[in-house]
Structure formats: C-alpha cells, structure tokens
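First to last, the protein sequences are chains S and U.
Position one of the first sequence corresponds to residue 1 (the numbering used here), numbered consecutively onward.
Position one of the second sequence corresponds to residue 336 (the numbering used here), numbered consecutively onward.
To be clear, the hints were calculated from the coordinates, so they are not data collected in a lab.
Owing to the predicted nature of the structure, the values given are computational and were not obtained by experimental measurement.
Watch out, some of these pointers could steer you wrong.
To be verified - For lysine-lysine, the following DSSO-like pairs were computed, each having C-alpha atoms within a straight-line distance of at most 27 Å: (1) U:Lys557 with U:Lys568; (2) S:Lys170 with U:Lys369; (3) S:Lys170 with U:Lys568.
Said to hold, decoys possible - To spell it out: a stretch of chain U is covered by chain S in this simulated footprint if at least three of its residues, at any positions, have a beta carbon under 8 Å from a beta carbon of chain S; those stretches are: (4) 451-464; (5) 526-537; (6) 565-572; (7) 597-608; (8) 614-628; (9) 635-648.
Backbone N, C-alpha and C define an ideal beta-carbon position, used for all residues, glycine too.
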Amino acid sequence: MNSHKLGTYAAETIDLAPPARAESARPATQPTAQPRWTHIHAPDVRASAVHGTAWRGLRREFKVFLSNPNALFGVAFLLVVALSALLAPLIYPGDPMEMVARPFLWPGQDVAYPLGTDSMGRDVLAGILHGARISLTVGIAATLLGLSAGILIGATAGYFGGLVDDILVKFVEIFQTIPSFVLLVVLVAIAQPTTGTVTVAIAIVSWPTVARLTRAEFRAIREKDYVLAARSLGFGHARIIFREILPNALPPLIVTSSVMVASAILMESALSFMGLGDPNRVSWGSMIGAGRDVIRTAWYLTALPGLAIVFTVLALNLIGDGLNDALNPRFSEER
Amino acid sequence: MSAYGRLGRTIRKTILQAVPTMLGIVVLNFFLLKLAPGDAADVMAAESGSATVETMAALRERFGLDNPILVQLANYLNNLAHFSLGFSPRYGMPVADLIGQRLPGTLMLMLAALAIAIIVGLLLGSLMATFSGRVADRLISIVSLLFYSIPGFWIGLMLILLFSVKLGWLPSGGDSTIGSRLTGLPAVLDRARYMVLPATSLALFYLAIYARLTRAAMLEVKSQDFVRTARAKGVAPFFLITRHILRNALIPITTMAGMHFGGMLGGAVVVETVYSWPGLGRLAFEAVMARDFSVLLGILLLSSFMVIVANAAVDLLQAWIDPRIGASR
C-alpha cells in the first residue's frame with residue numbers, strides 16, 4: 001500500500017513537469033542554456049487536473065482484479081443478470097403476472113415454458129427475468145442513494161470534526177442501534193409499499209455504514225500533507241472534500257458499495273416475500289412468497305427464484321471480495 | 336487499576352453514551368408513529384365498525400390526540416417512563432404485555448442461532464486458517480460465501496422441504512407439539528426439535544461472517560512473536576491453535592457478535608414468519624398485516640433498547656476479558 005502511494009506521488013511530480021515547462025518557456029523565447037529549475041516554480045495546480053493522475057495508478061488494481069477467477073465469475077454472472085433484466089421486456093413483452101398456460105407445469109414438461117408455470121398458470125421464467133429488473137433497480141438505486149447520503153454526512157463529520165462531528169456521530173449511532181430490518185418493515189408499512197418507497201427505505205437503513213466508513217477515512221486523510229497543501233493554496237472546503245480527500249477515500253467505499261447492492265437485494269426480496277413489496281410488480285421475493293403455500297407439491301416454485309437471488313447476491317459478494325483484494329490488501333475482512 | 340474499578344468505569348461510560356441514543360430513538364419512534372396513517376382513534380373507530388365525527392373527536396380528546404405535537408411527545412415520554420407502550424385494540428391488551436409474552440421465544444431462538452453461528456463459525460474459521468491457501472481453505476471459503484449470500488427465509492423453506500416434507504425428521508413450524516403434556520427433559524427435547532431448523536436458518540448468515548472473521552484474526556495472530564515462541568518451546572499444534580491463537584483471536588469476534596444483535600433481531604422477523612415461531616418477529620409481521628402501528632413501533636423501540644443493552648454487555652465482557660480495554664480510556 002505504502003509503496004503504491006509513493007508510486008502515485010512520483011507519477012504526479014513527473015506529470016506536473018510538462019505544463020510547468022510549457023509556461024516557463026513561453027515568456028523566455030530566446031534559447032537559454034541554463035538548467036530548468038522546475039522546483040522553484042510552484043506548479044499551477046488549477047491547470048493540472050488532480051484526477052488525471054489519481055486514476056493512473058489503478059491499472060495495477062485492475063490487473064489484480066482481472067486475475068481473480070472468482071471475481072470474474074461474479075462479473076460474468078452479474079452481466080447475465082443485467083442483460084436478462086434489460087432484455088426481459090423484449091423476450092417476454094407481456095405482463096409476467098398474466099396467466100399463459102395450464103397451472104403447475106413442471107420445469108421441462110413443456111418446451112414453451114422451460115421453467116414451468118406456477119399455481120396461477122404464470123410463466124416462471126418470465127417472472128424470473130422480469131424479477132431481475134426490480135431486484136437490480138432497487139439494489140442499485142438504494143445503494144446510490146445510501147452512498148450519497150452516507151458520504152455527504154460522513155464527509156461532513158470527518159472533515160469538520162468538533163461539535164458537528166459529535167452531533168452527526170450521535171445521529172449515525174441512533175440509526176445503527178435500531179435493528180435495521182425492523183426499521184425497514186416499519187418504514188415500508190407506514191409509507192405504502194411501492195418500488196420507490198422500498199428503495200428509499202432501504203437507503204435509509206443502509207446509509208449509516210457508509211457514513212461511519214467515510215468519516216473514519218476522512219479523519220485519517222484530513223491530516224495528510226497534501227490536504228494541508230491544498231488548504232494553504234486557499235482551496236475551499238468543498239473542493240478539498242470532493243477533489244482532494246474523496247478520491248483517496250474511495251477504495252473502501254467501492255468495496256462496500258458492491259456488498260451494499262447485495263444486501264439491498266436481500267432486503268428487497270425479504271420484504272416482498274413478506275408481502276411488503278410492490279404488489280403490481282413481480283419480484284423474486286414475491287414469487288417465493290407465492291410458491292411457499294404449495295411447497296409440498298410444487299417445490300420448484302420456491303427453489304428457482306431463490307436460486308436466482310442466491311447467485312446474484314453471490315456474484316456481487318464475489319465482486320466485492322475481488323475489489324477488496326485488488327484495492328486494499330489490508331482492508332479488514334469484517335463487515 | 337482494580338478489575339472492579341475498570342468495570343465501574345466502563346459501566347459509567349456506557350450509560351453516559353446510551354442515554355442520549357435512547358432518547359433519540361424514542362423521539363424518532365414518536366414521529367414515525369405520528370407519520371403512520373390513522374391514529375388510535377381511527378383504529379378504535381374501525382374496530383367498532385361505526386363512528387360519527389363527534390365520537391371521533393371525543394375519542395381524540397380522551398387520548399390527548401388533539402393536543403399540540405410537543406405536548407403529545409411529552410405525554411408519550413411520560414407513558415414510556417411508566418413502561419406503557421400503548422394499547423393494542425386488535426389484541427385487546429397493552430402492547431407491553433403483548434411484547435413481553437413473545438419476547439422469550441425470540442430471545443431463545445436468537446441465542447440458539449448465535450451459539451450455532453459462533454461454534455461452527457469458529458470451527459470452520461480455525462480449519463480455514465490452519466489450512467490457509469490449500470484446498471480445504473478454498474472450499475470452506477466458497478461455502479461460507481455461499482452461506483453469506485443465501486436469504487434466510489429461502490434457506491428456511493428449503494430446510495423445511497428437505498427435513499420436514501421429504502424426510503419427515505423435523506417439524507415444519509411452531510415451537511412445541513400442540514396438546515402434548517410433556518414435562519421435564521422430554522419437553523425440553525421436544526422444544527429443541529422445533530428449534531433446530533429456525534435456528535439453523537437464522538445462523539447460516541452469521542456463521543459465514545464468523546468463519547471469515549476467525550480466519551482473518553487467526554492468520555493475524557499467527558504471525559506474532561509469542562506464537563513463534565510457543566512453537567519453539569514445543570507446544571503441540573492442537574494446543575497452539577486452541578490456547579494461543581484462537582484465544583487471542585476471540586476479541587474481534589465478541590465485538591462483532593455484539594454488533595450483530597440488531598441484525599439478528601431483524602433476521603428473526605423473517606425466519607419466524609417462515610416457521611410460524613411465536614416470537615417478536617411473527618408479532619411484527621402480524622402487526623404489519625393488521626396495520627397495528629402501536630404494536631409495530633413498540634417492537635421497534637424495545638428491540639432498539641435490547642440492542643443497547645447487548646452492546647453494553649459486550650463492552651463489559653471485553654473489559655473483563657482484556658484488561659487493556661477500559662483501563663486506557
């Protein structure tokens with residue numbers, strides 16, 4: 001980790017040289033033999049972008065990630081899920097909640113319905129493909145919402161410290177103390193269950209983890225020299241937070257976000273299994289909830305959507321593990 | 336510093352931290368209750384079947400629902416101070432009594448699940464750490480990641496399918512045989528039979544976490560000097576692992592177990608609905624279906640309170656296990 005950081009610094013100084021040379025060359029047009037004293041010119045930080053150099057070091061991480069077979073399997077499976085979510089309306093244009101055939105067709109019994117039909121004669125494969133849409137949209141949207149809220153609050157607490165920090169930490173602690181799934185059930189029960197409310201509710205119970213993580217990272221990075229340098233250059237708080245500190249605090253957040261999508265999908269499926277999902281859309285959890293009543297006679301109705309959940313979540317966790325190994329070998333494994 | 340002094344200091348610190356958190360949760364709870372559609376008067380009116388505008392107003396006045404919101408908050412706090420969580424018209428009994436009835440079932444289930452998760456998790460984690468990098472490690476780590484990805488309710492249904500429907504070994508729901516007049520040991524065994532499946536379904540997720548955590552902690556401890564010393568003086572490998580490495584790796588696991596109390600309560604909600612286990616989770620589910628928000632928020636409040644108590648207990652446990660904790664702060 002340390003050596004890698006040094007590597008980025010080296011890349012940065014080398015990278016800063018060309019613009020400095022270009023500027024020093026312009027006023028002095030006559031050919032000068034004197035050596036260039038690049039270090040006495042403060043490089044114009046405004047002109048040289050920060051992110052251009054910050055992402056250069058990522059090639060190594062990318063290589064590590066790509067050499068991890070588990071992570072690649074995860075990416076491949078997730079791509080399949082995403083593709084089926086995108087193509088579901090094309091392959092099965094009709095409403096997946098509509099009756100299409102004789103009920104209780106077992107998988108393989110009829111070629112037109114490869115995964116069979118449920119107790120109401122609905123196509124199971126169509127349900128699973130359409131269910132991928134809701135799982136992925138809720139998972140990703142809830143994660144994005146939770147990440148933004150968590151980063152904003154965590155960054156504010158970690159960067160400013162003092163009283164602001166104390167208050168925000170207490171606030172985070174309150175949300176972390178309340179059992180999250182119970183709170184989720186309460187929130188969804190109060191606001192009527194729709195895809196939107198479920199997404200927001202999942203974001204509400206998942207932002208505290210991000211906030212804590214961001215705060216810890218910000219507290220550590222705040223003391224670094226380059227932040228001091230940025231401050232002495234007169235940058236505003238917003239610029240320091242978003243351009244200087246946040247890019248360096250990202251690795252653990254990226255790892256967390258893939259695990260967050262996984263747990264959001266799990267939460268959504270549990271909610272819709274309990275009948276607290278959007279009643280007008282088919283979801284893996286609601287399919288399991290419906291199949292549960294006939295588990296003695298038609299267990300495939302419970303098993304198949306469940307396998308879809310398990311493999312999607314597993315894929316996300318494998319990606320999370322791969323990202324973890326690639327981005328931060330010392331990042332603790334506890335979640 | 337004496338052990339008692341250390342514990343006393345930890346207790347004081349914990350209480351000082353817990354009180355504002357609890358207050359915050361209570362206020363949040365109150366506003367959620369206010370946000371819920373329909374107040375107590377609506378519920379009563381719906382239960383009785385007929386109500387005029389006048390009787391509704393009278394009901395509201397009687398329950399203090401026409402007061403300003405801050406007065407209502409004060410009343411709510413006052414009621415809580417007297418351990419009153421309100422009244423559930425649906426069940427015809429105070430919410431606190433209702434929750435008190437269901438609490439032991441959930442606690443038993445959670446304790447059983449926690450025990451399974453920790454014991455099996457430690458075992459698997461030690462195996463993984465001992466054979467780190469080899470086939471056994473890879474295999475167990477994939478299995479544990481699989482456990483980590485399986486939704487509790489689904490594995491519950493699959494276990495029912497296998498052990499109750501297909502094999503007929505274990506009961507599929509409930510907490511004891513109905514109508515049996517067993518006492519003593521047979522009664523305990525009967526209950527244990529009913530508990531195996533729900534506790535296992537609840538435990539799998541946490542088992543995976545503890546296995547991975549144990550592996551990481553043990554690998555970390557393994558590289559320390561005192562382990563090399565122990566090995567050099569000829570400690571047998573088994574004792575080296577159990578006494579020297581595992582014992583020192585326990586601290587992060589107790590921390591996590593305390594933090595998982597809340598998560599486990601949430602997991603119990605789902606697992607209890609699958610197994611119709613008469614606990615808090617099942618009650619929460621029934622309350623959601625009946626739109627009985629006073630019960631639902633009572634459960635939320637009480638479970639948050641239990642999380643605080645559990646966290647305090649873990650703090651104390653750690654101050655007791657490890658003298659370095661608590662003394663320095």
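Tested hints:
no.: 1; hint: U:Lys557 with U:Lys568; in the structure: holds (15 Å)
no.: 2; hint: S:Lys170 with U:Lys369; in the structure: holds (23 Å)
no.: 3; hint: S:Lys170 with U:Lys568; in the structure: violated (49 Å)
no.: 4; hint: 451-464; in the structure: violated (count 0)
no.: 5; hint: 526-537; in the structure: violated (count 0)
no.: 6; hint: 565-572; in the structure: violated (count 0)
no.: 7; hint: 597-608; in the structure: holds (count 8)
no.: 8; hint: 614-628; in the structure: holds (count 6)
no.: 9; hint: 635-648; in the structure: holds (count 6)
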